[in-house]
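J.: The chain contents come next:
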Amino acid sequence: MSLDYRRFQSDSLLETYKLERDRIKKYTSDLPVTTNLMGLYPELDYFKWAKEIDVISWDNYPSINTPISMTAMTHDLMRGLKSGQPFMLMEQTPSQQNWQAYNALKRPGVMRLWSYQAIAHGADTVMFFQLRRSRGATEKYHGAVIEHVGHEHTRVFKECAHLGQELQTLADQTMGTRVKAKVAITFDWENRWAIDLSSGPSIALDYVEEVHKYYQAFYRKNIPVDMIGVEADLSQYDMVIAPVLYMIKDGHADRLKTFVTNGGTFVTTFFSGIVNEADLVTLGGYPGELRELVGIWAEEIDALDPTVKNHITFDKRYGKLSGKYMCSTLFDLIHSEGADVLATYQSDFYAGMPALTRNQFGKGQAYYIASSPEQRFIDDFVAILQDEKQLTPILVSDPGVEVCAREDADQRFLFVINHNKEQAHFHTGEHGYADLLNDQSYHGLSRIEGRGVLVLKDKNRETEERQ
Amino acid sequence: MSLDYRRFQSDSLLETYKLERDRIKKYTSDLPVTTNLMGLYPELDYFKWAKEIDVISWDNYPSINTPISMTAMTHDLMRGLKSGQPFMLMEQTPSQQNWQAYNALKRPGVMRLWSYQAIAHGADTVMFFQLRRSRGATEKYHGAVIEHVGHEHTRVFKECAHLGQELQTLADQTMGTRVKAKVAITFDWENRWAIDLSSGPSIALDYVEEVHKYYQAFYRKNIPVDMIGVEADLSQYDMVIAPVLYMIKDGHADRLKTFVTNGGTFVTTFFSGIVNEADLVTLGGYPGELRELVGIWAEEIDALDPTVKNHITFDKRYGKLSGKYMCSTLFDLIHSEGADVLATYQSDFYAGMPALTRNQFGKGQAYYIASSPEQRFIDDFVAILQDEKQLTPILVSDPGVEVCAREDADQRFLFVINHNKEQAHFHTGEHGYADLLNDQSYHGLSRIEGRGVLVLKDKNRETEERQ
Amino acid sequence: MSLDYRRFQSDSLLETYKLERDRIKKYTSDLPVTTNLMGLYPELDYFKWAKEIDVISWDNYPSINTPISMTAMTHDLMRGLKSGQPFMLMEQTPSQQNWQAYNALKRPGVMRLWSYQAIAHGADTVMFFQLRRSRGATEKYHGAVIEHVGHEHTRVFKECAHLGQELQTLADQTMGTRVKAKVAITFDWENRWAIDLSSGPSIALDYVEEVHKYYQAFYRKNIPVDMIGVEADLSQYDMVIAPVLYMIKDGHADRLKTFVTNGGTFVTTFFSGIVNEADLVTLGGYPGELRELVGIWAEEIDALDPTVKNHITFDKRYGKLSGKYMCSTLFDLIHSEGADVLATYQSDFYAGMPALTRNQFGKGQAYYIASSPEQRFIDDFVAILQDEKQLTPILVSDPGVEVCAREDADQRFLFVINHNKEQAHFHTGEHGYADLLNDQSYHGLSRIEGRGVLVLKDKNRETEERQ
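Protein chains in written order, with numbering that gives the first Met the number 0: chain A, 0 to 466; chain B, 0 to 466; chain C, 0 to 466.
By construction, these hints were calculated from the structure, which means they are not laboratory data. Quick reminder that beta carbons are idealized off the backbone N, C-alpha and C, glycines included. Any given hint might turn out to be false.
To be verified - Computed, partial: chain B to chain A, Cβ under 10 Å:
(1) 37
(2) 136
(3) 414
What the hints assert, rightly or not - Okay, the calculated bits of chain B under chain C, using three or more residues with CB under 8 Å as the criterion:
(4) 195 to 201
(5) 301 to 313
Unchecked claim - In silico EDC-like cross-links for lysine to aspartate or glutamate, where the CA-CA straight-line distance does not exceed 20 Å:
(6) 139/C - 298/B
(7) 420/A - 347/C
(8) 458/B - 409/B
(9) 139/A - 347/C
(10) 139/A - 276/C
Start from the sequences and build out the full structure, keeping to the hints where you can.
T.: Below, the structure is given as structure tokens:
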């Protein structure tokens with residue numbers, strides 16, 4: 000009932016939106032209609048909303064301690080709402096928010112950095128809330144292009160003006176280009192609601208955090224990811240990762256099986272395949288409809304205070320991964336039913352039971368991770384996947400240097416964004432690139448200044464195209 | 000008014016119960032009627048309810064960090080509701096709960112351990128909630144004998160089945176036998192409510208915790224305790240302990256005086272004897288109606304942040320207790336009015352004032368503890384009482400090994416329960432015993448495996464009986 | 000709207016008071032009417048109330064961990080409500096409160112100490128709540144002159160009786176005398192409400208704490224302070240300090256400018272001059288109406304988690320203040336517009352920007368402190384002010400020894416109050432004094448016992464007066 004109430008709430012608001020949209024369309028049927036979404040906002044099922052919206056637009060308000068990879072993931076999720084179509088960065092603050100506990104200023108250069116990050120992940124606009132700081136009411140301390148002082152001689156105004164000039168230089172070169180990804184991560188609002196509303200097994204399970212851990216492992220390697228809903232077409236991907244896929248909607252398990260049968264790699268985790276769309280448990284053994292696909296049976300699910308840790312160790316065939324990795328929160332007690340056991344628990348009464356398995360299914364493989372491991376485990380696990388599936392980074396770079404790509408049939412743009420305060424390095428590989436912002440060329444091991452941004456165009460590719 | 004509202008709430012629900020019971024009795028007057036109580040549940044005055052219930056039944060759902068002695072105390076309290084009559088363990092989970100923050104699995108063997116603990120403390124049934132895990136709604140992650148997988152090839156099912164076979168072996172041998180205790184600890188819901196509702200002197204005072212500290216001191220020594228209400232007949236006891244007996248109901252002080260006059264030992268603490276049943280202070284000096292009995296006057300009651308500690312030191316006649324003991328939370332500033340001062344405060348402006356007193360009253364003695372001391376103090380104080388009153392343990396055992404006894408005119412059963420994961424020892428004394436579960440015999444220093452249970456029968460006694 | 004609702008709430012209750020007062024005045028127009036105020040109680044604008052009250056009376060209930068300087072500040076605020084007119088200490092507990100979390104006893108001598116502190120700050124009465132402890136209801140554990148025991152042989156009664164005898168000795172000598180201060184600190188309830196209700200920049204900003212930091216710096220130096228409202232006449236002061244003067248009411252900025260023009264010293268801080276009485280931002284650059292006076296422009300206001308620290312270093316001309324001082328919470332990024340930069344930030348992107356400025360304005364000076372520094376900074380800053388303005392302490396004393404003065408045209412009384420448990424020293428300077436409580440004389444370096452109180456009369460002054 001609580002879950003249906005959530006659905007009702009989301010749908011009711013969507014109905015209101017549709018009423019307004021339909022009235023507008025009656026008079027301006029040629030103009031696209033949107034409404035500003037809010038990223039990971041928990042209350043609305045944006046995949047359902049997206050069907051009624053012409054172009055996705057959203058408001059990006061990270062906290063000072065939001066991981067930059069979480070912002071990246073949110074951009075990708077917004078892009079995924081309409082299957083990769085470019086979106087609008089509708090709102091961001093030029094500097095400061097007002098509704099956080101402590102509303103830090105965006106440090107010099109950070110607003111520019113985050114604006115390009117939006118573009119790099121698929122935005123075709125960079126817009127601000129607000130132009131002019133209001134004199135009164137609740138948002139009067141929300142940042143603005145024009146501060147209360149009223150003139151343009153401010154750090155914030157100058158940074159906005161400078162960004163505007165740069166974007167004018169870029170003109171519409173990148174507009175309409177797409178992000179291409181071979182890896183997809185599943186995100187589903189109804190799944191999230193069902194997990195959050197569940198009484199047991201643990202209040203510490205955070206769906207968004209679990210999804211983000213997997214996202215981050217690819218992010219750190221500059222491997223692009225699509226964030227997709229549970230109805231997405233999977234045929235374009237090499238790999239689909241569905242962390243904590245608690246709720247299996249009608250037909251989803253079949254689509255996943257087809258995907259793996261045809262050679263795809265599927266990864267899922269503990270507390271997956273448990274219920275159907277009505278939040279009724281799929282009887283016959285966890286992970287329910289996924290059991291055959293992953294080739295394991297989860298007999299029990301232990302839930303411990305998150306401060307209590309178990310550890311995972313890899314099988315000796317993974318010689319270089321010889322350490323142990325912390326895991327916590329939930330612990331599936333699984334039995335292999337054909338799956339290969341790649342790693343096991345190290346302690347508690349289920350020491351030696353599988354913690355990571357791989358099941359051959361048709362031409363593909365399905366992985367199951369039985370607990371919530373530390374990030375280092377997922378990073379190393381993703382490196383294994385990367386080797387197996389020949390996933391290559393766009394570019395190799397220092398930590399904190401994000402590299403994204405947008406392309407269309409004719410062109411390809413690389414975005415190199417240094418989130419560090421200090422200068423850092425990246426490597427262009429065999430290609431040479433020209434920066435559209437500063438007209439410099441880059442080839443091989445290259446330097447980028449602290450909080451620097453490069454918009455690179457592939458010289459070879461252009462040459463190829465011209466030939 | 001708040002206190003009377005609590006009474007009204009408890010009574011209203013009890014009236015509802017009575018309506019249902021009376022209707023049932025009309026048709027099946029020969030069948031006993033019960034309702035599942037919930038141990039230390041704060042809202043209902045179970046001593047009042049017990050008068051309307053034929054047989055006590057209760058639901059035992061300890062948290063993973065509930066002290067095992069707290070569970071023991073709760074069993075004894077449930078048994079005390081009807082003056083020692085055997086009760087029913089109506090509900091326990093075979094493995095996991097669902098409404099805790101983190102719902103840990105019961106480790107292998109623990110369900111069996113806790114089932115025997117219930118029997119050892121007076122249960123005549125061991126029952127489970129639930130047979131089969133529900134598919135939907137709020138309790139779908141509550142443990143069950145039959146898991147969602149639906150078959151019997153699970154750890155949990157096997158442990159339940161094994162326990163069932165054992166209990167079949169035991170058959171009805173222990174049924175109807177009683178726990179015999181010479182020590183009683185008073186527990187009163189209305190007292191608890193009045194303390195919880197009091198504005199001042201300290202929000203840190205936790206009545207249940209204070210009672211448990213005294214209970215635990217006996218528990219650790221394998222000395223059986225009856226948990227009794229304030230209306231109980233005291234004549235069968237050698238010792239009555241009433242921690243924080245804040246509210247003195249009509250006639251209770253007189254019954255306590257008669258008990259001590261006739262040679263009984265009475266122990267009470269700070270913040271006792273303060274109010275009458277209407278929560279009106281008994282004027283004329285704390286501890287009011289108990290003042291003559293304990294032979295002291297509490298002039299003031301200091302209340303400090305629980306992180307602030309004072310210390311208690313014993314009088315030098317207790318040579319072996321030469322250390323100092325922490326105390327905290329509340330500090331009565333007492334003057335002896337005839338009582339012997341056994342220990343004093345060590346610091347603050349009441350350094351040197353009595354912290355523990357003993358008053359000769361008729362043939363008996365009344366003790367007063369002026370503050371809330373650490374467990375070690377109470378353990379050592381109870382050791383003094385034990386010497387004075389010749390209270391002997393059922394058996395001597397290692398820490399974590401609980402020993403209980405049930406008996407009737409013909410037989411006596413000892414339950415030895417090792418709550419440790421590792422093996423431990425106990426000593427049978429001069430008697431020899433046979434275990435009803437594994438047919439082994441025990442005499443003298445004996446070993447019990449980790450999480451092991453023995454149900455011992457006294458060989459000598461049987462012999463004696465037969466002679 | 001929220002701010003106006005607060006005003007409405009305060010005004011509504013004030014209207015109720017006035018209805019009652021007017022009815023009383025109809026029959027006893029010659030008798031003064033009061034109602035017991037509660038110091039720093041947030042909900043009521045006591046400066047507005049004071050206009051309708053004949054004599055201020057208030058209830059002083061510090062927690063065990065309330066800084067003694069906070070109690071002093073509250074006394075001064077209550078005295079300031081009617082421009083220095085002596086007030087009534089209407090309520091204090093003889094020993095214990097009942098509504099705190101942990102209701103500690105007032106240690107021996109402390110009730111006397113705090114009673115004299117009230118007198119020292121301008122009280123003409125010392126009264127208690129309550130005479131006799133009630134038997135029932137919510138305040139039955141609130142301290143009383145007569146405890147529940149009902150007789151006078153208690154520590155608490157004896158301390159009250161002894162104080163009564165002393166006050167009888169003092170008789171009405173000090174009554175009607177005034178505290179004279181050359182320093183005023185501004186306090187405004189509407190300013191407090193507006194800050195508390197503001198959405199941004201930081202929830203960590205605590206107006207009362209900020210005001211108290213400045214108060215404390217003078218308190219530690221035994222320099223008397225008047226706590227004044229924003230309508231107060233400033234002409235009698237050498238220095239006016241207005242911490243976080245967020246809201247500038249009509250005409251206030253002009254009065255401050257006149258004050259400084261005529262030679263006064265004005266001190267204000269970050270997040271000042273921001274809004275007008277309607278909580279609308281004063282456009283044109285922070286600190287709005289104060290900008291010309293302080294000679295700076297605050298371009299931005301950074302807000303960081305209070306655990307994040309920046310540091311302030313003084314300009315090298317303040318050679319002896321060579322260390323660095325922590326600051327936190329809010330950080331104005333200011334530009335001097337004529338003001339002298341006395342200290343700067345040490346880190347973050349605004350390292351080197353001004354943190355403390357002084358602006359010459361007419362014959363006077365206006366200081367601006369751009370962040371919330373640790374107490375040590377304010378202590379050292381106030382020492383600079385003290386030198387510049389020749390502010391001398393009443394007497395020099397050890398830490399924890401408070402010295403206040405009350406006087407009228409004919410007499411001057413010094414109160415020396417040792418809040419330490421141990422004896423301490425003070426220095427009478429060149430004058431000799433006689434203690435009215437113990438008839439001893441003091442001259443030069445003098446000793447005061449732990450928790451001791453002296454009420455000194457200036458021998459020289461009396462001599463002078465007689466001549």
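J.: Look at each hint and say if it fits the structure.
T.: Status of each hint after checking the structure:
The closest approach between the C-beta of residue 37/B and any C-beta of chain A is roughly 17 Å, which is over the 10 Å cut-off, so the hint fails. At its closest, the beta carbon of residue 136/B sits 9 Å from a beta carbon of chain A; the interface hint therefore holds under the 10 Å criterion. The closest approach between the C-beta of residue 414/B and any C-beta of chain A is roughly 24 Å, which is over the 10 Å cut-off, so the hint fails. A count of 5 residues in the segment 195 to 201 of chain B with a Cβ less than 8 Å from any Cβ of chain C is obtained; the coverage claim is therefore met, three being the minimum.
Under a criterion of three residues with beta carbons nearer than 8 Å to beta carbons of chain C, the stated coverage of the segment 301 to 313 of chain B is upheld, 5 such residues being counted. Straight-line distance between C-alpha atoms of residue 139/C and residue 298/B comes to about 15 Å, which keeps the hinted pair within the 20 Å bound. A threshold of 20 Å between alpha carbons decides the hint, and for residue 420/A with residue 347/C the separation of about 11 Å falls inside it, so the pair holds. Restraint check for residue 458/B and residue 409/B: satisfied, since their Cα atoms lie roughly 12 Å apart, inside the 20 Å limit.
Of the pairs offered as hints, the one joining residue 139/A and residue 347/C is violated, with about 25 Å between alpha carbons and a cut-off of 20 Å exceeded. Of the supplied pair hints, the one linking residue 139/A and residue 276/C holds, its CA atoms being roughly 15 Å apart against a limit of 20 Å.
In this structure, the earlier hints numbered 1, 3 and 9 are contradicted, and the remaining ones agree with it.
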